[in-house]
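Guided by the hints, dock chain E onto chain X, whose structure is given.
2 protein chains.
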Amino acid sequence: MTNFGRVIDDRLNAFCRDSDSYLEGAAEGPLAGLTFAAKDIFDVAGHVTGGGNPDWKTTHEPAEKTARAVGVLAEAGAEMIGKTITDELTRGIFGENAHYGTPVNPRAPGRVPGGSSSGSASAVAGGMVDFALGSDTGGSVRVPSSFCGLYGLRPTHGRIPLEGILIQAPSFDTIGWFAREAATFARVGEVLLQSEIQEARPSRIVVAEDAFELAERAVAGALEPFVDKISALVGNSAAGRISETSLDELRAHQWRLQNREGWESARGWLDRVNPRLKFDVAERYAAASAITDAEIEAASSVQADFVERMEPMLAGGAVVCMPTTAAPAPPVGESLSARATLRSLNSSLTCIAGMLGAPQINLPLAEVDGLPAGLSLLGERGSDEMLIAFAREIEASLKS
Amino acid sequence: MTNFGRVIDDRLNAFCRDSDSYLEGAAEGPLAGLTFAAKDIFDVAGHVTGGGNPDWKTTHEPAEKTARAVGVLAEAGAEMIGKTITDELTRGIFGENAHYGTPVNPRAPGRVPGGSSSGSASAVAGGMVDFALGSDTGGSVRVPSSFCGLYGLRPTHGRIPLEGILIQAPSFDTIGWFAREAATFARVGEVLLQSEIQEARPSRIVVAEDAFELAERAVAGALEPFVDKISALVGNSAAGRISETSLDELRAHQWRLQNREGWESARGWLDRVNPRLKFDVAERYAAASAITDAEIEAASSVQADFVERMEPMLAGGAVVCMPTTAAPAPPVGESLSARATLRSLNSSLTCIAGMLGAPQINLPLAEVDGLPAGLSLLGERGSDEMLIAFAREIEASLKS
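Order-wise, the sequence lines are chains X and E. Heads up: the first sequence begins at 811 in this note's numbering, then just goes up one per residue. Heads up: the second sequence begins at 811 in this note's numbering, then just goes up one per residue.
The set of hints was computed from the structure by calculation and includes no laboratory data. Note that CB positions come from ideal geometry on N, CA and C, so glycine has one too. You may find that some hints are simply not true.
Stated by the list, open to error - Reference excerpt, derived from the structure (chain X facing chain E, CB under 10 Å, subset only):
hint : residue
1    : D865
2    : L1087
3    : D1090
4    : A1092
5    : L1146
6    : A1148
Bound-form chain X, shown alone (with noise of 0.2 Å):
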């Protein structure tokens, strides 16, 4: 790929090789001399944004105005190299693009990068950019940034403006980033959270009991002793159930509340432009589509109800420590059987934070057979900055 201000050697299949998007830094900057990369659903000025999709691509006019939350990256001093690939229209938590194929995943080559920031995350893994920005609707920050073994974070729902990205499910849609380290990452979410980053800390940890049940054994017993090391440091910690009946049941109401606005989103456009679609995503928007008013209303109840349980679980600065996701990066090319429990896994973890619009970070610390397992913390609306600044505490707490 040649690109108007760099040569990408992109030995990764992360960026999007028809896109030329690059945008120099501000000269000076709180990120000046940081390199990064943005999910192909950020709009450049321009450039027309892919979302993943050739038919996407080839049926939309370039962006008049680029995103903001690239903007200020770059008026910051960061430096713009590329788009990256993403699972199309955002669908996907596996990152195994159909048109534009799988970017690798440079901690577990076999094994897919995650999605549906999967360039993103690994143009990060591989060393190719400083941090990269991705977006989070049902999972995709936070499932590539565990199969990666990156620092990511779903933040509070609102508080990083969408303007200029390409939109699947507005009530839970987020902008997320990844980075290698810590210190990095809070340099980062300075300048998108517009806020300082001070030291900080939760003021009790909740062990997810029925979070950690999900995942598999090998994963369980490979976070432990770093939920163990967290909950020492903060020296209040307690066992709790985030869900009164069960996540998968929460996960199916996330499932139908997202999927309605999915479906909602594109129906114009798919009814326009009858696109090549994966099987999968178009199997979900068909599913989509018969999602009933009765069903949207029970699921808004159920989240209602989530949203009054868990509060006092999270109030005053307390943090669910969790699983990620309920095991590593699975092989490419499984057929869609074979993952389809994994899929659910994974989504009744991811759900906890969408159906709460609370933030969730994860810490790229554990490994199960050389492979990433991440770990989360999640806390309440509005505490994304104690939660990069006490990742930061930690990451320096296990160096020392």
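This is chain E only, laid out in the frame that chain X set:
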């Protein structure tokens, strides 16, 4: 496209560009001197059958044997110059392939060729070959015959062995062919049906009122003088109704029977490969996966009743006369919703022969505003030769 045997100047986008399937015809035989093409669902030994989908092509091995129908044509002296574009996995009746483009309809520029045997119809209508092989499960020979102004037959189900073709729904799949003139059409028919086509004529014409009611007024009007001429040739005609209830209801039942089988044929591959499909093709598979056994039982019972109802109407060599399609070819690139009505109307016409397993021939006699509009003759099972012979007689009588 270069080809082992010939160079094809494919200005119509009718041929598969990545295929070089070529078969020399035997030096002597009844089809010596004729050229033909085959829809890319027919195996040619040593080549991968593409099925109109790039992911099908890359996940299948080269065929070991040449399809029986292709083989008998080559043995009879016809030269096969290439494979033609099909709607992916034969799913579609409009002929717009999202992966390889839409073959040109030489008789109706800017309009679809009809599908799924789109490239075969395009190549014959454009004079690139003398005849071409297609297949018809739910209308895939009849609709493009009507749209491109060609003779085309859906033969009696089971009459031409399906050996060596990509199967969609075995209870409905048939092999058909296209030609510009009835004489050529009959010569090919003698080889494919392995039977002489002697002069023959129906005993009676039944003009299907409910089928004509589905056609656009202009189409019905354009067909009417030909119905009169055909009736006059036979000297025995009457109006009749095909369906006791409605053809749209018959269509819905036929849809379930065909699509359940289509799902059974494809589901293993869909699960294993998670391929790229056009949205409405994927949507149809998703809908088919939800068809219940009770629906299938009900549809089978409707089919049995319908066969019983039609037997006396067709017995003794009677033929139903009806529009092949409700309208001429629509413009390329319309939205799914803009096409929904025409899709249903056309399927309400094509489902009749499908439910009966009966042969139906398209006669390219009429035009509406310069666009071909086909007239169909449908006979009892086994009346293929008579339909072809009568088509030849009609053509001769109109020329004289």
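Any hints from earlier that this structure breaks? Give me their numbers in increasing order, please.
none
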